[in-house]
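One line per chain: the protein sequences are A and B, in this order. The number in my numbering is simply the position in the first sequence, starting from 1, with 422 added. The number in my numbering is simply the position in the second sequence, starting from 1, with 4 added.
Heads up, a few of these hints could be off.
[As the list claims (entries may be wrong)] Quick list of in silico lysine to aspartate or glutamate cross-link-like pairs, DMTMM-like style, CA-CA up to 20 Å:
{"hint": "1", "chain 1": "B", "residue 1": "K44", "chain 2": "B", "residue 2": "D27"}
{"hint": "2", "chain 1": "A", "residue 1": "K594", "chain 2": "A", "residue 2": "D584"}
{"hint": "3", "chain 1": "A", "residue 1": "K462", "chain 2": "B", "residue 2": "E50"}
{"hint": "4", "chain 1": "A", "residue 1": "K462", "chain 2": "B", "residue 2": "E19"}
{"hint": "5", "chain 1": "A", "residue 1": "K554", "chain 2": "B", "residue 2": "E19"}
{"hint": "6", "chain 1": "B", "residue 1": "K44", "chain 2": "A", "residue 2": "D584"}
None of these hints come from the bench; they were simulated from the model.
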Amino acid sequence: MGRNKKRDLKRATGNSFRKSSGQILVAEDDRVTLSLLERKLGEWGYEVLKARDGRLAWEMLKKSELRIAILDWMMPGFKGPELCRQLRQLKKPHYTYLILLTSRDSAGDLIEGLKAGADDYMTKPINLMELKARLKTARRIIELEDNLIAARRRLSRLAMTDSLTGVWNRRKFLSLLNEELNRSRREGRFLGLLMMDLDNFKEINDRHGHPAGDAVLKQLAQLIRRNLRKYDRIARYGGDEFILLLPGSDLRETEAVAERLLDLIRRSRFRTGTGRAAVVSVSFGGTAVSPGPEQGVDPKSLIRTADGALYRAKRDGRDRVVVIDHEGEK
Amino acid sequence: MAASDKAELPINKPEALERIGGDESFLQELLTIYREEFEKKYAELEKAVDQKDFQTIREAGHYLKGASSNLSLPALKEAAWKMETAGASNDLQAAREVLHSLKTEYRRLQEFLKSGG
Numbered sequence: 423m424g425r426n427k428k429r430d431l432k433r434a435t436g437n438s439f440r441k442s443s444g445q446i447l448v449a450e451d452d453r454v455t456l457s458l459l460e461r462k463l464g465e466w467g468y469e470v471l472k473a474r475d476g477r478l479a480w481e482m483l484k485k486s487e488l489r490i491a492i493l494d495w496m497m498p499g500f501k502g503p504e505l506c507r508q509l510r511q512l513k514k515p516h517y518t519y520l521i522l523l524t525s526r527d528s529a530g531d532l533i534e535g536l537k538a539g540a541d542d543y544m545t546k547p548i549n550l551m552e553l554k555a556r557l558k559t560a561r562r563i564i565e566l567e568d569n570l571i572a573a574r575r576r577l578s579r580l581a582m583t584d585s586l587t588g589v590w591n592r593r594k595f596l597s598l599l600n601e602e603l604n605r606s607r608r609e610g611r612f613l614g615l616l617m618m619d620l621d622n623f624k625e626i627n628d629r630h631g632h633p634a635g636d637a638v639l640k641q642l643a644q645l646i647r648r649n650l651r652k653y654d655r656i657a658r659y660g661g662d663e664f665i666l667l668l669p670g671s672d673l674r675e676t677e678a679v680a681e682r683l684l685d686l687i688r689r690s691r692f693r694t695g696t697g698r699a700a701v702v703s704v705s706f707g708g709t710a711v712s713p714g715p716e717q718g719v720d721p722k723s724l725i726r727t728a729d730g731a732l733y734r735a736k737r738d739g740r741d742r743v744v745v746i747d748h749e750g751e752k
Numbered sequence: 005m006a007a008s009d010k011a012e013l014p015i016n017k018p019e020a021l022e023r024i025g026g027d028e029s030f031l032q033e034l035l036t037i038y039r040e041e042f043e044k045k046y047a048e049l050e051k052a053v054d055q056k057d058f059q060t061i062r063e064a065g066h067y068l069k070g071a072s073s074n075l076s077l078p079a080l081k082e083a084a085w086k087m088e089t090a091g092a093s094n095d096l097q098a099a100r101e102v103l104h105s106l107k108t109e110y111r112r113l114q115e116f117l118k119s120g121g
C-alpha cells in the first residue's frame with residue numbers, strides 16, 4: 423500500500439490542468455466503499471485517486487489541481503469537513519468541487535458540512551445513480567468556473583495593456599513602478615527611468631494619415647521592446663509618449679540605453695502603409711534612483727524629474743537624450 | 005434482538021446487486037474485502053472493550069456501519085450503529101453486549117453466504 427499511496431500522490435501532483443479535470447479523489451477509509459466507488463467511477467471514465475486517511479487526502483488536495491473530490495466525513499487524520507475548511511482557506515486558483523460522504527444524516531450535519539465549504543453532501547449507502555447525476559452537476563459547475571477564470575484573465579490582461587501597441591498601459595506602469603522602487607530599495611540596486619516622446623508625430627500624421635501614425639507607434643513600441651533586457655519595462659504613457667523602467671541601471675547606464683535606442687530609431691524606417699516609409703525622431707528624458715536612501719522615493723517625483731529632463735531635451739533642440747540625477751535635484 | 009429482526013435475511017442481495025449494476029462477481033469481491041475488514045475491526049473492538057478505549061469503539065463501530073450499509077447488511081449495520089453509539093456515550097456494558105451480537109450476525113452472514121444465499 424505504501425507504494426500505491428506514493429503513486430497516487432505523484433499522479434495527483436504531477437499533472438497538467440487539463441488532465442486533472444478527469445481525475446477524482448476518493449478519500450475514504452472504508453475499503454468496501456472505496457472499492458465500490460473506484461470500480462464505478464472507473465466505469466464512468468474517471469481516473470480515481472485513492473486516499474485512505476485524511477492526511478494523505480490533504481497532501482493530494484494541497485499539491486494538486488484536482489477538480490473533484492469525494493471526502494468521507496469520518497476518517498483517521500483529518501475528517502471530511504476539516505479538509506473542506508482547510509482547502510477553502512488555501513484559495514487555490516482553480517476550484518475543487520467537494521462532495522462530503524457520510525452515514526450521518528441529520529440536518530445539522532448537512533449544514534455543518536456545507537458551512538465547512540463542501541459543495542454537496544451524500545449519505546451512505548451510496549446511491550450510485552444519484553452520485554452519477556451529482557457528478558454531472560460538479561462538472562457543469564467546474565466548467566462554468568473555468569470559463570469565468572479564463573474570462574477574468576483575458577479582461578485583466580486587457581486592462582493592463584495598451585490596445586494599440588501591446589505594451590503595458592499607464593495604469594499598469596504606475597503599479598510596476600511602485601513594485602520596482604520597492605524591490606530596488608530592498609535589494610540595494612539602482613533604478614533607471616526614461617521618458618520618450620516623438621518629435622515629429624504630428625508631422626507623420628499630417629503627411630501619411632492617422633492610420634500611419636498608429637502603425638508607427640506600434641512598430642516603435644515593438645522595436646524598443648525587442649531591444650530591452652528581459653526585466654526592463656516599457657509602457658505607453660500617453661498619445662505618443664512612452665516610459666521605460668530599467669532595473670539595476672544607474673544614471674550613466676540609463677543615459678547609455680537611451681542613446682543606443684535613439685540611434686537605433688534614427689536609423690530605422692517605419693512602414694506607414696502608404697508605400698512611403700516614415701523617419702522618426704524622438705527625445706529622451708531620464709533619471710535614476712540610487713540605492714541606499716532610507717526613505718522611500720516618491721514615484722510621482724521620479725516621473726516629474728524624468729519629465730523635466732525630457733522637457734530640456736525638447737527645449738535644447740530635440741533628437742537627443744537628457745538625464746538628471748533624481749537625488750541631485752532635491 | 006427483536007423477533008422481526010430474526011426473520012430478516014443477513015444480506016439484502018437484490019438491493020446490494022442493484023447498487024453495483026448486477027455484477028455478481030464484484031459483489032463477491034466486495035464481500036471478501038468486507039470479511040477481511042470485519043475481522044480486523046472486530047479484533048480492534050475486542051481489545052478496545054477490554055481497555056475501555058471508547059474512541060476506538062466509536063470509530064470501529066462507525067467504520068463497520070458504513071461498510072455494512074453499502075453492502076446492504078441490515079443486521080450488521082444495526083449492530084455496528086449500536087457499537088458506535090455505545091462508544092460515543094462511554095457505555096461499556098452496551099459495547100460488551102453489542103460485541104456479542106456483532107459476532108452472531110457476522111456468523112449468520114457467513115453461513116448464509118456459504119449455503120449459497
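For each hint, the structure was consulted:
no., hint, result
1, B:K44 <-> B:D27, "26 Å, violated"
2, A:K594 <-> A:D584, "10 Å, holds"
3, A:K462 <-> B:E50, "34 Å, violated"
4, A:K462 <-> B:E19, "16 Å, holds"
5, A:K554 <-> B:E19, "18 Å, holds"
6, B:K44 <-> A:D584, "67 Å, violated"
Hints 1, 3 and 6 from the earlier list are contradicted by this structure; the remaining hints agree with it.
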